[in-house]
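Each chain, written out:
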Amino acid sequence: MLKADFLKTAWPEPGKRIWIGKEVNRIDGVAKASGRAKYTYDINRPNMLWGKFLICPHAHARIKRIDTSQAEAIPGVRKVEIVQGEGSEIVFHGDEIALVVADSEELAVDGVRAIKVEYEVLDHVVDETNLDQIPRGNRRPGGRRRTGNVDEAFASPEVVTIEGQYGIPMITHCCLESHGVVAEWTGDDELTVWISTQNVSGISGQLANALKIPAGNIRTICHFIGGGFGSKFGPDRWGILAAKIARELNRPVKIMLDRDHELLSAGTRPSGFARVKLGVDRKTKKVVAWESTLWGTGGPGGGGTSISVTPYIFTRIPNQRREAYNVRANVGPRRAWRAPNHPQGAALTMTALADAAAALGVDELQFFLNNVDLTDRPDVYTQELLIAADLIEWRKHWHPRGESGSGPLVEGLGISMHTWGGRPHNSQALVHIYPDGSVDVQLGSQDLGTGTRTVIAIVVAETLGLKPEQITVQIGDSRYPPSGASGGSTTVGGVSSSTRRAAVDALEQLFEKVAPSLGVEPTDLVARNGRILSKSKPDLSVSWKRACRTIGMEPITGQGRQPDPEDQPLASQGVGGVQMAHVVVDKDTGVVRIKRFVAVQDCGLIIDLKTAKSQVYGGVIMGIAYALYEECVHDPITGRRLNPNMEFYKLPGIGDVGEIIAHMMVGKVTVTAPDGRKITIDYDEPGVIGLGEPPVISPGAAISNAVANAIGVRVPRLPLTPDRVLAALAGKGGLA
Amino acid sequence: MAEKQRGRASDRLRSGISRRDFLRGSGALAAATALRTATEAAAAPAGAASVVGPGPVPVTLTVNGQTHRLKLEPRVTLLDALRNHLDLTGAKKVCDRGTCGACTVLLDGAPVYACSVLAIDAQGHKIETVEALSPDHPMIQAFVDHDGLQCGFCTPGFVMAAVAFARQNPECSEEDVCRGLSGNICRCGTYVGIREAVVEAARKMRGAANA
Chain A
1 MLKADFLKTA WPEPGKRIWI GKEVNRIDGV AKASGRAKYT YDINRPNMLW GKFLICPHAH
61 ARIKRIDTSQ AEAIPGVRKV EIVQGEGSEI VFHGDEIALV VADSEELAVD GVRAIKVEYE
121 VLDHVVDETN LDQIPRGNRR PGGRRRTGNV DEAFASPEVV TIEGQYGIPM ITHCCLESHG
181 VVAEWTGDDE LTVWISTQNV SGISGQLANA LKIPAGNIRT ICHFIGGGFG SKFGPDRWGI
241 LAAKIARELN RPVKIMLDRD HELLSAGTRP SGFARVKLGV DRKTKKVVAW ESTLWGTGGP
301 GGGGTSISVT PYIFTRIPNQ RREAYNVRAN VGPRRAWRAP NHPQGAALTM TALADAAAAL
361 GVDELQFFLN NVDLTDRPDV YTQELLIAAD LIEWRKHWHP RGESGSGPLV EGLGISMHTW
421 GGRPHNSQAL VHIYPDGSVD VQLGSQDLGT GTRTVIAIVV AETLGLKPEQ ITVQIGDSRY
481 PPSGASGGST TVGGVSSSTR RAAVDALEQL FEKVAPSLGV EPTDLVARNG RILSKSKPDL
541 SVSWKRACRT IGMEPITGQG RQPDPEDQPL ASQGVGGVQM AHVVVDKDTG VVRIKRFVAV
601 QDCGLIIDLK TAKSQVYGGV IMGIAYALYE ECVHDPITGR RLNPNMEFYK LPGIGDVGEI
661 IAHMMVGKVT VTAPDGRKIT IDYDEPGVIG LGEPPVISPG AAISNAVANA IGVRVPRLPL
721 TPDRVLAALA GKGGLA
Chain B
1 MAEKQRGRAS DRLRSGISRR DFLRGSGALA AATALRTATE AAAAPAGAAS VVGPGPVPVT
61 LTVNGQTHRL KLEPRVTLLD ALRNHLDLTG AKKVCDRGTC GACTVLLDGA PVYACSVLAI
121 DAQGHKIETV EALSPDHPMI QAFVDHDGLQ CGFCTPGFVM AAVAFARQNP ECSEEDVCRG
181 LSGNICRCGT YVGIREAVVE AARKMRGAAN A
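First to last, the sequence lines map onto chains A and B.
Here the numbering used here is used: the first residue of the first sequence is 1, the next is one more, and so on.
Here the numbering used here is used: the first residue of the second sequence is 1, the next is one more, and so on.
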């Protein structure tokens, strides 16, 4: 008997790929579009109770008294749990004070309304736009860095100095499925939790500590999740409380956050503001000096600003002096938000670079091309800049800043660039081949809507010579082998690597079973088009179904892991990306419309081109959202969030996003650089790299640059709402 | 267009004023709409509306051709009745106040926000939820073919709004779709696929039975 490991795990060569890199429909698309897919919010259990939170209406307060007696007296209210009791200091609007658990959702709401709380309202800080006005105690140093000699560089007569200030406000994730959980005990120390999570394999361990039962006794299920974007990694306060109260009352408990609670408490993206001074060599038009002061708030705990992303991408500017501050403010606490720190970095860097290009009278595209050697991947960016420029018709539409005609409707172009890691996370996979020919694959992973299920099916199908729809993908359950949390674009590399190895392992075992009946060696076999074929005798083959009859009673189990130190890497990290916006601005109303938006993106070897493109469209649209619409607005007097709802926390609709072109860098690409040099890059060669984060990074900067190009002045701060555009046109643009 | 249809469907409701109309009337949307709603509400005969509740009352709903007899508090929305009492969870609760469209169902063929219709007011009307559509319905297939979905949480609402829109606009353009489906919001950013899907499905539905 041959020892397994005679098949290579390496991805098939470009000409030999059947499914990989093609446009494959997502395998769970019908389940979702037809309403049959069950999300956490859709789980109804017999005898289930509903939980609702009373949240704090103040930005900063101390709880003087809580009276829950009237709530407890309501028939059908089963439990009133004080989350933060008398004497507690509450540091943001929306934090949980008490939880009411009742027979119905309506009764739980009645219970919440019946709780009486007396607050001592305390001073708050909710406006971080002016660093100098932030109270000392709320401002913490976030680091200083120095490279080269900035003062000397700025003092040189060869250097032109450009100064600006830029801002990007706090926003929220606004997952359409709010955070929440259904907890049901199936024994004294056995719990099942349905939870809306990006971390199926990691929830049980976190809950076990709080509940003091073995993690293995907790089953976490999340078959479908209605958005996460970085905000759903833990069980959260509501997960722990639901489980505790379900145990106490011996009934399943469901808690899903109401929309206001969701927007106030379940995560924000930290704001970012910067004063930037750039030095550009008059002759070479190269950036030679960068000085910046960066600040922002990540909520009551501060944090959330990263000194390492300003300057963004152009990290090789020879002379730099930068400092960062973290502001503690009485606003919703931060959570990872798709591509943490990077959108801020782009919005505070690419804008300054575009302003420098405009001040020097240089075409923005030429300026970025001229400075790509200050980045870590000049060849990639050169290719992507030139391809994006073609797609947006740069030469046809470009004009110097503000030279956009005399009418009220003016057009402009803008550029931004980005990078991301996207390394593969740890992952284990099991592939089963059954005697009846059916195949399933199990991973404790989750599909956030990125297409993870489909990618797994494609990899198994490609490996076994089957079709993706023949593969049953089982994910979303902690009973399957653990996979990492889906965050930071780590999933596709992780699950495709472990799945490929598991499928290859299973196929080797099948070949060993089938080979004797065909009278050939296992190493002579290949699986293709639903058959097992001999390489040496082309007319010798057997159908997949017949081949599987040789398996015997027990199914074949193939195992795969990522990383696998005994195997070559199948995934890696590090991507570039360039985006360009073409906007139309109405100078009378201040309204900005997207005419065309181009996103050029590399992400290594693409498994499913269709869902990969959707990631790019989605990232761009989320970026258009924060460029033009989204912002958490706080009342400076009361400190309250003014828009914890979807009427005034604005997201774009289907008619608000213009034409979007997603161009994926695939295979070998050759582009002639401006200096005549031919640049060739094989984008498949590094293997699979994650894609969720990169396309959301650049839209803010690209659109801001396009608006500046159209109207002739910089609107310093996102979102580019009509009032800010009009203020900038009137010479009153500021960070507020 | 979908917006107008929603308005008409709401007008037919028994109490004459829906939660959505109330919210509209409170200033968020067009003044003309608010005026119309207020006028109609005032014109409703005083004796016609009997006082019910606040405790559970018998409610009969006709959903996807089936009759369901429930006991619901009068404050229970159609959305909560469907989701919490009939386990029809295709319509999603997202904004819970008539902004996002994730709860869209059809009332006598016209799309409504189920979060903004009271269950008692939906009595006597033909309610269609996404569960009424066969999985091979042209609209569902088109959403999948054009990848007009990601997390999928907004998708059933979009599909229902799109079905109602497409039945009336078989020759629609992408521009028409942008207007017709302006009452639904997606967070993942699937609008590119949805625009293509609805245009394609609208044409296919014209020739298909039960579409």
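If you're looking for bench data, these hints aren't it; they were derived computationally from the structure.
Here the structure is a predicted model, which means the values were calculated and not measured.
A hint or two may mislead.
Stated by the list, open to error - Heads up, incomplete: computed chain B residues facing chain A, CB under 7 Å, no partners named:
| id | residue |
| --- | --- |
| 1 | Val-52 |
| 2 | Leu-86 |
| 3 | Glu-174 |
| 4 | Cys-178 |
Said to hold, decoys possible - DSS-like, lysine-lysine: derived pairs with alpha carbons at most 27 Å apart:
| id | chain 1 | residue 1 | chain 2 | residue 2 |
| --- | --- | --- | --- | --- |
| 5 | A | Lys-535 | A | Lys-513 |
| 6 | A | Lys-537 | A | Lys-16 |
| 7 | A | Lys-535 | A | Lys-22 |
| 8 | A | Lys-732 | A | Lys-8 |
| 9 | B | Lys-204 | A | Lys-22 |
| 10 | A | Lys-22 | A | Lys-732 |
| 11 | A | Lys-595 | B | Lys-71 |
| 12 | A | Lys-116 | A | Lys-244 |
| 13 | B | Lys-126 | A | Lys-610 |
| 14 | A | Lys-286 | B | Lys-71 |
| 15 | A | Lys-467 | A | Lys-8 |
| 16 | A | Lys-38 | A | Lys-244 |
Ideal placement from N, C-alpha and C gives every residue a C-beta, glycine not left out.
>> Leu-86 (chain B) was flagged as interface toward chain A. Is the shortest Cβ-Cβ separation under 7 Å?
In response: violated (10 Å)
> Within a Cα-Cα threshold of 27 Å, do Lys-22 (chain A) and Lys-732 (chain A) meet the stated pairing?
Replying inline: At roughly 51 Å apart (the allowed maximum being 27 Å), Lys-732 (chain A) and Lys-22 (chain A) break the hint.
> Can we keep the Cys-178 (chain B) interface hint, with Cβ of chain A closer than 7 Å?
Replying inline: holds (3 Å)
> Against chain A, with CB atoms and a cut of 7 Å, does the hint on Val-52 (chain B) hold up?
Replying inline: violated (15 Å)
> If you draw a straight line from the CA of Lys-595 (chain A) to the CA of Lys-71 (chain B), is it 27 Å or shorter?
Replying inline: Violated: Lys-595 (chain A) and Lys-71 (chain B) sit about 52 Å apart, past 27 Å.
>> Given the hinted pair Lys-467 (chain A) and Lys-8 (chain A), is their Cα-Cα distance within 27 Å?
In response: holds (20 Å)
> Holds or violated: are the alpha carbons of Lys-732 (chain A) and Lys-8 (chain A) at most 27 Å from each other?
Replying inline: Violated. Lys-732 (chain A) to Lys-8 (chain A) sits at ~64 Å, over the 27 Å cutoff.
> Do the alpha carbons of Lys-537 (chain A) and Lys-16 (chain A) lie within 27 Å of each other, as the hint requires?
Replying inline: Roughly 20 Å separates the two Cα atoms, so the pair holds.
> Regarding the pair Lys-116 (chain A) and Lys-244 (chain A), is the alpha-carbon distance no greater than 27 Å?
Replying inline: holds (24 Å)
> Can the restraint linking Lys-535 (chain A) and Lys-513 (chain A) be considered satisfied, given a maximum Cα separation of 27 Å?
Replying inline: Since the Cα atoms of Lys-535 (chain A) and Lys-513 (chain A) sit roughly 17 Å apart, the hinted pair holds (cutoff 27 Å).
>> What's the verdict on Lys-535 (chain A) and Lys-22 (chain A), does the C-alpha distance respect the 27 Å limit or exceed it?
In response: Within the cut-off at roughly 26 Å; holds.
> Between Lys-286 (chain A) and Lys-71 (chain B), does the CA-CA distance stay at or below 27 Å?
Replying inline: Given that 27 Å is the threshold and the Cα spacing comes to 74 Å, the pair is violated.
Taken one by one, the earlier hints fail for this structure at numbers 1, 2, 3, 8, 10, 11, 13 and 14, listed in ascending order.
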